[in-house]
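Peer 1: Listed below, chain by chain, are the residues.
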Amino acid sequence: MFQVRIHGRGGQGVVSAAEMLSIAGFLEGKHAQAFPSFGSERMGAPVMAFCRIDDREIRLREPVMAPDALIIQDTTLLHQVNLFEGVTDGGYVLINSRRSVTELGIDEFFAANPGINVQTVPASQLAQEHVGRPVPNAALLGGFAAMTGLIRLDSVLAAIAQKFDGKIASRNQAAAQAAFDCMQRAAQGEEAPC
Amino acid sequence: MLKQIEGSRAVAEAVALCRPEVICAYPITPQTHIVENLGEMVKAGDIKGCEFVNVESEFAALSVAIGASATGARAYTATASQGLLFMAEAVYNASGLGLPIVMTIGNRAIGAPINIWNDQQDSMSMRDAGWIQLYAETNQEAVDLHIQAVPLAEELSVPVMVCVDGFILTHAYERVDIPTQAQVDAYVPPYEPRQILDPAEPVTIGAMVGPEAFTEVRYLAHYRQMQALGLIPELADAFAEQFGRHSGGLVRGYRQDDADTLVVALGSVNGTVKDVIDQLRERDVAIGSVSVISFRPFPAKRLRAMLEHASRVIVVEKSLAVGIGGIVSTDVRMALAGTGIPVHTVIAGLGGRAITQDALRDYLLRAHRDAVERVTFLDLRHDVIHREIERLETQRRSGPVAENILRELGSVADRIG
Numbered sequence: 001m002f003q004v005r006i007h008g009r010g011g012q013g014v015v016s017a018a019e020m021l022s023i024a025g026f027l028e029g030k031h032a033q034a035f036p037s038f039g040s041e042r043m044g045a046p047v048m049a050f051c052r053i054d055d056r057e058i059r060l061r062e063p064v065m066a067p068d069a070l071i072i073q074d075t076t077l078l079h080q081v082n083l084f085e086g087v088t089d090g091g092y093v094l095i096n097s098r099r100s101v102t103e104l105g106i107d108e109f110f111a112a113n114p115g116i117n118v119q120t121v122p123a124s125q126l127a128q129e130h131v132g133r134p135v136p137n138a139a140l141l142g143g144f145a146a147m148t149g150l151i152r153l154d155s156v157l158a159a160i161a162q163k164f165d166g167k168i169a170s171r172n173q174a175a176a177q178a179a180f181d182c183m184q185r186a187a188q189g190e191e192a193p194c
Numbered sequence: 001m002l003k004q005i006e007g008s009r010a011v012a013e014a015v016a017l018c019r020p021e022v023i024c025a026y027p028i029t030p031q032t033h034i035v036e037n038l039g040e041m042v043k044a045g046d047i048k049g050c051e052f053v054n055v056e057s058e059f060a061a062l063s064v065a066i067g068a069s070a071t072g073a074r075a076y077t078a079t080a081s082q083g084l085l086f087m088a089e090a091v092y093n094a095s096g097l098g099l100p101i102v103m104t105i106g107n108r109a110i111g112a113p114i115n116i117w118n119d120q121q122d123s124m125s126m127r128d129a130g131w132i133q134l135y136a137e138t139n140q141e142a143v144d145l146h147i148q149a150v151p152l153a154e155e156l157s158v159p160v161m162v163c164v165d166g167f168i169l170t171h172a173y174e175r176v177d178i179p180t181q182a183q184v185d186a187y188v189p190p191y192e193p194r195q196i197l198d199p200a201e202p203v204t205i206g207a208m209v210g211p212e213a214f215t216e217v218r219y220l221a222h223y224r225q226m227q228a229l230g231l232i233p234e235l236a237d238a239f240a241e242q243f244g245r246h247s248g249g250l251v252r253g254y255r256q257d258d259a260d261t262l263v264v265a266l267g268s269v270n271g272t273v274k275d276v277i278d279q280l281r282e283r284d285v286a287i288g289s290v291s292v293i294s295f296r297p298f299p300a301k302r303l304r305a306m307l308e309h310a311s312r313v314i315v316v317e318k319s320l321a322v323g324i325g326g327i328v329s330t331d332v333r334m335a336l337a338g339t340g341i342p343v344h345t346v347i348a349g350l351g352g353r354a355i356t357q358d359a360l361r362d363y364l365l366r367a368h369r370d371a372v373e374r375v376t377f378l379d380l381r382h383d384v385i386h387r388e389i390e391r392l393e394t395q396r397r398s399g400p401v402a403e404n405i406l407r408e409l410g411s412v413a414d415r416i417g
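From first to last, the protein sequence lines stand for chains D and F. Our numbering puts the first residue of the first sequence at 1, with every later residue one more than the last. Our numbering puts the first residue of the second sequence at 1, with every later residue one more than the last.
FYI, nobody ran anything at the bench for these hints, they're computed from the structure. Treat the hints with care, as some may be off.
Under the rule of at most 27 Å between Cα atoms (straight-line distance), these lysine-lysine pairs were calculated in the BS3-like manner [unchecked claim]:
(1) F:3 with D:163
(2) F:48 with D:167
(3) F:3 with F:48
(4) F:301 with D:163
(5) D:167 with F:43
(6) F:43 with D:163
(7) F:43 with F:3
Calculated from the model, a selection of chain F residues having no Cβ within reach of chain D, i.e. all distances over 12 Å [to be verified]:
(8) 56
(9) 71
(10) 125
Partner residues aside, some chain F positions facing chain D, computed with beta carbon under 10 Å [to be verified]:
(11) 4
(12) 173
(13) 202
(14) 272
(15) 358
As the structure is a prediction and not an experimental result, all values here were calculated from the model. Cβ atoms here follow ideal geometry from the backbone N, Cα and C, with glycine treated the same way.
Same shape as in the complex, but just chain F:
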């Protein structure tokens, strides 16, 4: 049914349709509306056989999900930003134990400096934690990826993060087609655990593993993610058949076939990227894009096949590997190893800075002429950083950087973008 609803509400409805049995979460902006909605649904009895567990922290939220999943329950949680960092140890445990938990990330920056707005530094910080990571471009895709995540997680016994850009998607009202319970029931089979804590047939989950077997256990975690490279497109195809629309998969191209310049990005920024591509195509710039939906597992072969005819690749990243530059770019370069295709990084949208069409178009026009550096910070205020660098160089007690810059900028209430 078509609805005009908030992204968080849409995600909550999708999760509810997947018949979770245990939901535990701790509220954190911008994820809060998702778990608030689910809490209300459970309380109203709208999710049959589901328990909502109030916990005291994010660490507890994922720990409860781990316990619930190990006893054979379909478990769900959601978090963002510092909340994800606080549960980091449990994040590795969930995947290390092979428990198919689904967790929504309402993508948000990580402090310090504290910042509630969107970028993707939080989920990127967990990219090697053994979870599958899927990135939604729209709220429709956020809904659809949650529905696909449940059978994906449970078939492979691997946890899945569905990453949804905070505010930009979680707080956006847009048109979303929410499927019926019958449609979702036909697509998401009942949970058939591969391992279960059952007093009738006792087993241990979480044994200590020494050097004799640790590598093999880790290899099998990698093996399962490599299997996901096959299962993710299969589930997307089955989804298209069942629900009548294409959503998910590993990667998705846009006007990429004859493009000299190809833009790679994750999540909601792909919408703005597509609009800019259309504008540049009208000016006869041969440009296209590839949205990476599955970042873990990383679809290196598939991506290489889509990118290898381009003359250059631009990776738009909403996160920063301090000391090297792009995070996604490193993986894209690996996928293109030996082709000699230059890969440029543009760091954009950090801490909620708007990624505007104008800024993106100007950058891409320069990139198309190969007139960009290896790493560019979009819309960086050079005057501000130069003054701060000067202060750092001339004063021993130069003071806290964030506060210096805020003082420099003065009131920001008059900024629209």
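For reference, chain D alone in the conformation it holds in the complex:
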């Protein structure tokens, strides 16, 4: 089983991100479960959503306590919420930011946990370019596909098309594709991949 926890704030599409990831998993023939954890249902409040993907039926209903991957949609949560709690060794952390991990001031944690892979991608910026609004969720899923290889980009794009209609879908697909490309270029060592 592969478990993902997504952190963000109300209005940033955190819940939709988990749902789309579960659809992408489903499209690849896997069992997938996505569900939200609402604090208070209002814009700007911290929100978490979870996604589990497995080859067999998922029965577990607890929140994801030990994520194999974390997606952080909002860096203002970094020093407010204990975001990295439970991340597994060998796991992935993908952060929505234009800045590097060092610039974000979170080097210390990853130096102490060298088994955890961490990367940033400017998902809000890419969303602003392609969608016209800084809603980073679809772009982050494109980045997630590139970073982990656990889900195919075409599954992510198909999931976006199931969740949204018409232009909103195609624009979010473009943002996901852009983030995917960015991260691939970054992996090849390009200086300014985005």
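On the provided structure of chain D, position chain F as indicated by the hints.
Peer 2: Showing chain F alone in chain D's frame:
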């Protein structure tokens, strides 16, 4: 057709396939997505011959359903929490009049303190209201129970609540097999009412009944629910034949045959319970579980047959009878009367507190050694309650308990579980 969709959407699609004629509902979290989806389907003309009635309250929602059902329409509504309490008088009327309404409960805690999250206190508060109550373990079962609820209600002329854990199921995306209209049409026959308000053949429904007949009318309500103990498994068997999967029924066991410790639970927590049972079985703990799907009627005989070889029974409850402990436990003890099997209650998941594998496993290991109290509150924060009890004992004006505890806990934004 297999779909990856939200539980609420899946329930709405199942209800639509049952060809309802009147849907009336008032939105309340976490039920809202169900009726929003149905409203859109009716507006789009996807449910033929169905009217969606916007109402001003939950009391009106069920009252309209009662009126619609009495005129021979297949009527549906949905609610949760305070909404169910607000319609309480109509809840008793629907069953007392014998009107086969199907209602989804998106299970949620009851305030005060106000809380939007899941437990089962709402439907439990209506356990004696004369409705059949079915509890879904997964969103697939939620779909299947709605399809089974319609012929069950209409055959017996008894209303049915299908209880679906709020957020945990209503807001969960998971794989669901939505049947075709032809499959559902073959399983759910057209509504043939036992009583109908028809100007051509006038009758009264809802007469005043005095002491001369009230007991007999009430007895017949009980009699019909006892008939449901036979009809529910029959409908589940017919469902398995028609749809190719087992869903519903009275109870369902898991690794229970040779178990010394048996866990009884209702609804979605059974999934986590099964995972924990598998982990404990690997450690050679002889443990199993029984999911109670039909809580009303209560399948006492069937349950006794499944539990009576165990050394102890643990009831996991998402509700609390203040002043006694467990609600389900009381019925389980009655089912086991005379066997001497100890029944322990664990109150868990109140107001949306996560029921984790770790907490459940630790508790069950202790229970398996008989090292638990009669009633345990899972994951109770003893430090917090002790400080509040001390405040209550030392200060006359100790203040509101909920606010005191929130102040004590500070920010909760950093909690994952």
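Peer 1: State for each hint whether it applies.
Peer 2: Consistency of the hints with the structure:
Our distance criterion of 27 Å between C-alpha atoms is met by residue 3 (chain F) and residue 163 (chain D), whose separation comes to about 13 Å. Between residue 48 (chain F) and residue 167 (chain D) the CA atoms are separated by roughly 31 Å; this puts the pair beyond 27 Å, and the hint is violated. For the proposed pair residue 3 (chain F) and residue 48 (chain F), the alpha carbon gap of about 23 Å is at most 27 Å, so the pair holds. Distance check on the hinted pair: residue 301 (chain F) and residue 163 (chain D) sit about 47 Å apart at the alpha-carbon level, beyond 27 Å; violated.
Pair hint residue 167 (chain D) plus residue 43 (chain F) holds up; C-alpha atoms about 24 Å apart against a cutoff of 27 Å. Proposed proximity of residue 43 (chain F) and residue 163 (chain D) is supported: the alpha carbons are some 21 Å apart, at most 27 Å. Simply put, residue 43 (chain F) and residue 3 (chain F) have alpha-carbon atoms about 23 Å apart, close enough for the 27 Å limit, and the pair holds. Non-interface status of residue 56 (chain F) relative to chain D is upheld: no Cβ of that chain comes within 12 Å, the nearest being about 23 Å off.
Every C-beta of chain D lies more than 12 Å from that of residue 71 (chain F), the closest at about 38 Å, which supports listing it as non-interface. No Cβ of chain D approaches the Cβ of residue 125 (chain F) within 12 Å, the least distance being about 23 Å, so the stated non-interface status holds. Because the beta carbon of residue 4 (chain F) sits about 4 Å from the nearest beta carbon in chain D, less than 10 Å, this interface hint is met. Nearest Cβ of chain D to the Cβ of residue 173 (chain F): about 4 Å, under the 10 Å cut. The hint holds.
For residue 202 (chain F), the interface hint is violated, the least distance from its beta-carbon to any beta-carbon of chain D being 49 Å, above 10 Å. Checking residue 272 (chain F) against chain D by beta carbon gives a least distance of about 5 Å; that is within 10 Å, so the hint holds. Interface hint status for residue 358 (chain F): upheld, as the beta-carbon distance to the closest one in chain D is roughly 8 Å, under 10 Å.
Hints 2, 4 and 13 from the list above are not met by this structure, while the remaining hints are.
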